Amino acid sequence: MVEAVGSKFIVEEVRKQFPILKRNINGKPLVYFDNGATSQKPQSVIEAISNYYSNYNSNIHRGVHTLSQEATQAYEDVRLRFQRFLNAKSSNEIIFTSGTTGGINLIANSFGKYYLKKGDEVIISEMEHHSNIVPWQMICNQLGAVLKIVPVLDNGELDMSAFKKLLNSKTKIVSIVHISNSLGTINPIKEIVELSREIGAKVHIDGAQAVQHMRVDVQDLDVDFYTFSIHKMFGPTGVGILYGKEDILDEIPPYQGGGDMIKTVSFEKTTYNELPHKFEAGTPNIADGIACLEALDFIEGLNWEEVHLHESELLNYATQELKKINGLRIIGEAVEKASLNSFVFEGIHAYDIGVLIDKMGVAVRTGHHCTQPLMKRFGVEGTVRASFALYNTKEEVDQLIEAILRAKKMLG
Amino acid sequence: MSIQERQEEIIEEFAMFGDWMYKYEYIISLGKELPLIEESKKLDENLIKGCQSRVWLDAQLKDNHIHFTADSDAIITKGIISLMIRVLDDLSPSEIINSDLYFIDRIGLKEHLSPTRSNGLVSMIKQMKMYALAYQTKINNG
Ligand SMILES: Cc1ncc(COP(=O)(O)O)c(C=O)c1O
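Listed in order, the protein sequences are those of chains S and L.
Heads up: the first sequence begins at 699 in this note's numbering, then just goes up one per residue.
Heads up: the second sequence begins at 1089 in this note's numbering, then just goes up one per residue.
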C-alpha cells in the first residue's frame, strides 16, 4: 500500500485549492456541509477537464492517431493509479463505471445472474443507500432469490449477532455499506468478510462514503467487490470504480453489450474482450475519467494521519456543540464514526431548518438521504445531515450552530 | 377580488420586507395561522407526497365555488400553502383552472417550486387544478 507522506496538513492551505469555497451566499461565506452528497473539487481537477477538451479530446482504445493515443494513455494511466490507490493486485481488477450505483447494478446483474439461483440468499443491511437495495431487490425478484436484512442497533451500529444468525449455506453474497451516509457508522468490514468466508459467501462493500475519509486497501480488507464514486472524493461527477477480484470478474458474464467490450462480433457469435474491457461497453466518460488523476494526486498528497486528526476533531466539536442545542437529537452515535452528523429536532421539521440555514450560507442536506428503510427504523421522516470534508473548519461548525439557533428562534 | 388583484396584494406586502429574514418570519407566521385541515380529512388519499415535506389538501364545492383546506408537516411549506389558498380559495372551478400563479416568482419564493425541493408544493398546485377540473366536470354534467 502506498503511504501518503504528504506535508503537514494545514486546512487554510487546502482550502485555497478549492475555488468554490470562496463563494458567498446571501452575503455570508458559504459553509459547505453537504459533502456526503458530493464533495467540492480542487482547481487542478477543474483544469484537467478543460485541458483534455482543449488539447487531446478524442475517442480511446480505437484510433491510431496521436490524439487517441494520448487520451488512451492518460485514461489507462488513471486505471493504474486506482490500482495503486486501492492496492489491488492487478489493473484488470479496476473497472470504470458511472458511479457507485453503476457499479452495484453491474455486480447485481452480472454476478447475480451467474451465481444466484431460486432460494439463494443475499444479505444487505437496514442502513443501506437505495443504490445498494434496489438492484438486489430487482435481481432477487427476477431469480426467486431472497433478500435478508441485517438490523441496525439503536446507536447506529450494525447488529453483528443478528448478522451471524442470518449467514447460512444459502447465502451467496453479502453487500454492506462501508460507512453509512446517513449515520456515519463505520462498519467492521474485516469481521464481515471473515464471517462471510466461513460459509463461502462473496462480499461487496459500498465504499461511496469511505474513500474520502480513509485509505482503503482491498487486499487487506479481502473483499470480493468494492464500489465508489469519484465525485464524492474531490473528483468529477460521472465516474466510479468497481474493484473486483480478478478470478471472479473473469468468471462472470459481461453486463452491457456494445463497442469496446468485444473481441469479435458476428451475427452467429460474439466473443468478449479481456478484463477490464469486458465490463466497459461503449465510449466511457473520458474527460472526467482522466481528471480523476488530479483527485488522486490531491488525496495521495495529503498526510492522512493529520487528516484523520482534523476530521475527528471536527466531528467531536460539532457533536459537542450540537448536543448543547435544546430539543436536538443526534441519530447515529456509533463508536466508530466518520465525520458527519444526522440530527432531528423536537417539533421542528428538517425542511424548515434546511431552508432557513441555507439563507445564512450553510448548505446541509435534509430528508431521507436515500435511506428510507433506515429512517423508518429510527421512526423519523428525515434528518438534517451535516457531512464534513477535510477542508471544513471549526469556525464553519460555529456558523452552523449559530444558524441553527437563529432558525430555531424564528420557528419557535 | 380577482386572482390578479389577490396576487398583486401579496406582492405588495412582500415588497416591504427588505431582508430574507423578515420575509420568512412572515411566512412562518402564516404557517402557524393556517387553519388546519380537519383530522378526519388528513387521510392518505388527501396526502401529496413530496420526499421532504408532506402536504394534505382537501377541496369542497359550495355554491359553485371551491374551498380549500390544507396542511403540511413543515411550517414553511405550510406558510406558502396559505398564500396559495389565499389566491385560489372561494373561486369558481374555471377561474382556478385558468389561473396563472405568478406571485410566487415575484415574491422570491420560486426556489420552493423547484422539483428538487420535493416539498409537495408543485404537486399541490397541480392537485388544486385537478380538483377544479373535477368539480367543473361535475357542474357541467349537472
Ligand atoms: C453509501 C452510498 N452508496 C451509494 C451512493 C450512490 O452514489 P452515486 O449516486 O454516486 O452512484 C451514495 C451516494 O449518495 C452513498 O452515500
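Rather than coming from a laboratory, the hints here were simulated on the basis of the structure.
Some hints here could point you the wrong way.
Claimed, not checked - FRET-style restraints, in silico, Cβ to Cβ:
| # | chain 1 | residue 1 | chain 2 | residue 2 | range |
| --- | --- | --- | --- | --- | --- |
| 1 | S | Arg760 | L | Pro1203 | 35 to 45 angstroms |
| 2 | S | Glu711 | L | Lys1129 | 34 to 44 angstroms |
| 3 | L | Ser1090 | S | Ser752 | 48 to 58 angstroms |
| 4 | S | Gln1070 | L | Trp1108 | 47 to 57 angstroms |
| 5 | L | Glu1121 | S | Ile1023 | 39 to 49 angstroms |
| 6 | S | Leu845 | L | Glu1100 | 28 to 38 angstroms |
| 7 | L | Gly1196 | S | Leu778 | 49 to 59 angstroms |
| 8 | S | Ser752 | L | Pro1203 | 51 to 61 angstroms |
| 9 | L | Pro1203 | S | Leu845 | 42 to 52 angstroms |
| 10 | L | Gly1196 | S | Gln840 | 47 to 57 angstroms |
| 11 | L | Ser1117 | S | Gln715 | 40 to 50 angstroms |
| 12 | S | Thr969 | L | Val1210 | 45 to 55 angstroms |
| 13 | S | Lys863 | L | Ala1222 | 45 to 55 angstroms |
| 14 | S | Asn1014 | L | Tyr1190 | 42 to 52 angstroms |
Stated by the list, open to error - List time: in silico DSBU-like cross-link candidates among lysine-lysine, alpha-carbon distance up to 30 angstroms:
| # | chain 1 | residue 1 | chain 2 | residue 2 |
| --- | --- | --- | --- | --- |
| 15 | S | Lys720 | S | Lys961 |
| 16 | L | Lys1226 | S | Lys1057 |
| 17 | S | Lys1092 | S | Lys1057 |
| 18 | L | Lys1198 | S | Lys1107 |
| 19 | S | Lys787 | S | Lys816 |
| 20 | L | Lys1150 | S | Lys720 |
| 21 | S | Lys1057 | L | Lys1129 |
| 22 | S | Lys863 | S | Lys811 |
Stated by the list, open to error - Footprint (simulated), chain S over chain L, 3 or more residues, beta carbon under 8 angstroms:
| # | region |
| --- | --- |
| 23 | 1107–1121 |
| 24 | 1143–1149 |
Bear in mind that the values here come from a model prediction, so they are computed numbers and not experimental data.
Even for Gly, the Cβ is constructed at its ideal location relative to N, Cα and C.
These are the hints, each one checked on the structure:
1. Hint check: S:Arg760 to L:Pro1203, Cβ distance near 38 angstroms, so the stated range 35 to 45 angstroms holds.
2. Between S:Glu711 and L:Lys1129 the CB atoms are about 58 angstroms apart, so this pair departs from the stated range of 34 to 44 angstroms.
3. Between L:Ser1090 and S:Ser752 the C-beta distance comes to about 56 angstroms, which sits within the given range of 48 to 58 angstroms.
4. Between S:Gln1070 and L:Trp1108, the C-beta spacing of about 31 angstroms breaks the proposed range 47 to 57 angstroms.
5. The beta-carbon spacing between L:Glu1121 and S:Ile1023, approximately 27 angstroms, falls outside the hinted interval of 39 to 49 angstroms.
6. Between S:Leu845 and L:Glu1100 the C-beta distance comes to about 57 angstroms, which lies outside the given range of 28 to 38 angstroms.
7. Judged by the Cβ atoms, the range 49 to 59 angstroms given for L:Gly1196 and S:Leu778 holds: they are separated by roughly 51 angstroms.
8. As the Cβ distance of S:Ser752 to L:Pro1203 is approximately 34 angstroms, the hint placing it in 51 to 61 angstroms is violated.
9. Our hint of 42 to 52 angstroms for L:Pro1203 and S:Leu845 is violated, since their Cβ atoms are close to 30 angstroms apart.
10. Taking 47 to 57 angstroms as the suggested C-beta distance range, the pair L:Gly1196 and S:Gln840 conforms, at roughly 48 angstroms.
11. For L:Ser1117 and S:Gln715, the hinted distance range of 40 to 50 angstroms is satisfied, since their beta carbons lie about 44 angstroms from each other.
12. At about 50 angstroms, the beta-carbon gap between S:Thr969 and L:Val1210 stays in the expected band of 45 to 55 angstroms.
13. Evaluation of the 45 to 55 angstroms hint for S:Lys863 and L:Ala1222 yields a pass: the beta carbon distance comes to about 52 angstroms.
14. About 49 angstroms separates the C-beta atoms of S:Asn1014 and L:Tyr1190, a value consistent with the hinted range of 42 to 52 angstroms.
15. For the hint pairing S:Lys720 with S:Lys961, the CA-to-CA distance comes to about 49 angstroms; that exceeds 30 angstroms, so the pair is violated.
16. For the proposed pair L:Lys1226 and S:Lys1057, the alpha carbon gap of about 45 angstroms is over 30 angstroms, so the pair is violated.
17. Restraint check for S:Lys1092 and S:Lys1057: the C-alpha separation of about 20 angstroms stays at or below 30 angstroms, so the hint holds.
18. For the given pair, L:Lys1198 sits about 24 angstroms from S:Lys1107 by alpha-carbon distance, which is consistent with the 30 angstroms threshold.
19. Distance restraint check for S:Lys787 and S:Lys816: the Cα-Cα separation of roughly 33 angstroms exceeds the 30 angstroms cut-off, and the hinted pair is therefore not satisfied.
20. Taking the CA atoms of L:Lys1150 and S:Lys720, the gap is near 56 angstroms; set against the 30 angstroms cutoff, the hint is violated.
21. The straight-line distance between the Cα atoms of S:Lys1057 and L:Lys1129 is roughly 34 angstroms, outside the 30 angstroms bound, and the hint therefore fails.
22. Distance restraint check for S:Lys863 and S:Lys811: the Cα-Cα separation of roughly 25 angstroms lies within the 30 angstroms cut-off, and the hinted pair is therefore satisfied.
23. For the region 1107–1121 of chain L, the stated coverage by chain S is satisfied: 5 residues place a CB nearer than 8 angstroms to a CB of that chain, which reaches the threshold of 3.
24. For the region 1143–1149 of chain L, the stated coverage by chain S is violated: 0 residues have a C-beta nearer than 8 angstroms to a C-beta of that chain, whereas at least 3 were required.
Violated hints, listed in ascending order, are 2, 4, 5, 6, 8, 9, 15, 16, 19, 20, 21 and 24; each of the other numbered hints is respected by the structure.
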